[in-house]
Amino acid sequence: MSLSDPGWVEKTSRTIQTDPEFSLEARQAVFDFLLESGDHRYVVSFDKGRITVRPNPTAADAWDFAVRGTDESWKRYLDKADPDAEYRDVFGMWLQGPMSVTGDIKSRIVLEGDYRKLFANLQPLYVYLSKLQTV
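Here our numbering = 1-based position in the sequence shown + 2.
Do not take every clue at face value.
Within a straight-line C-alpha distance of at most 30 Å, the following computed DSSO-like cross-link-like pairs (lysine-lysine) qualify [what the hints assert, rightly or not]: (1) 133 x 13; (2) 77 x 119; (3) 50 x 82; (4) 119 x 13; (5) 50 x 77.
What the hints contain is simulated information worked out from the structure, not anything from laboratory work.
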């Protein structure tokens, strides 16, 4: 279970796509986001409940916002056995320091891009990232 494995990211995304909670939250969502873990990058596209994953995107692969983090941060986030509460929730990580919005705060995970698009689609994004831990 690792963001360094494109096969795992694609398979997990297909599984999340069938989840009833995700289906409900993402039924109207249309956006693309860059998911980055160290040197591993994916453009994840949401289109009204359907998810597609493009590993190793090029400059031609557009995205609306990015969720970036170190391999270590994502590893700890995905590790359900990690006892550190700071790594249990992506947006908790954002508020606690391991993750931040691009700007003055330096951290291990960064959100950047079109903030209007990000916050308009925050719930389906949150559900997707949370399901990465449990699928």
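Evaluated hints:
Straight-line distance between C-alpha atoms of residue 133 and residue 13 comes to about 12 Å, which keeps the hinted pair within the 30 Å bound. For a cut-off of 30 Å, the pair hint linking residue 77 to residue 119 stands: about 27 Å separates their Cα positions. As the CA atoms of residue 50 and residue 82 are separated by approximately 29 Å, the hinted pair is consistent with the 30 Å bound. Distance restraint check for residue 119 and residue 13: the Cα-Cα separation of roughly 25 Å lies within the 30 Å cut-off, and the hinted pair is therefore satisfied.
Note on residue 50 and residue 77: the hinted pairing holds, with a Cα-Cα distance of about 29 Å set against a maximum of 30 Å.
Violated hints: none; the structure is consistent with every hint.
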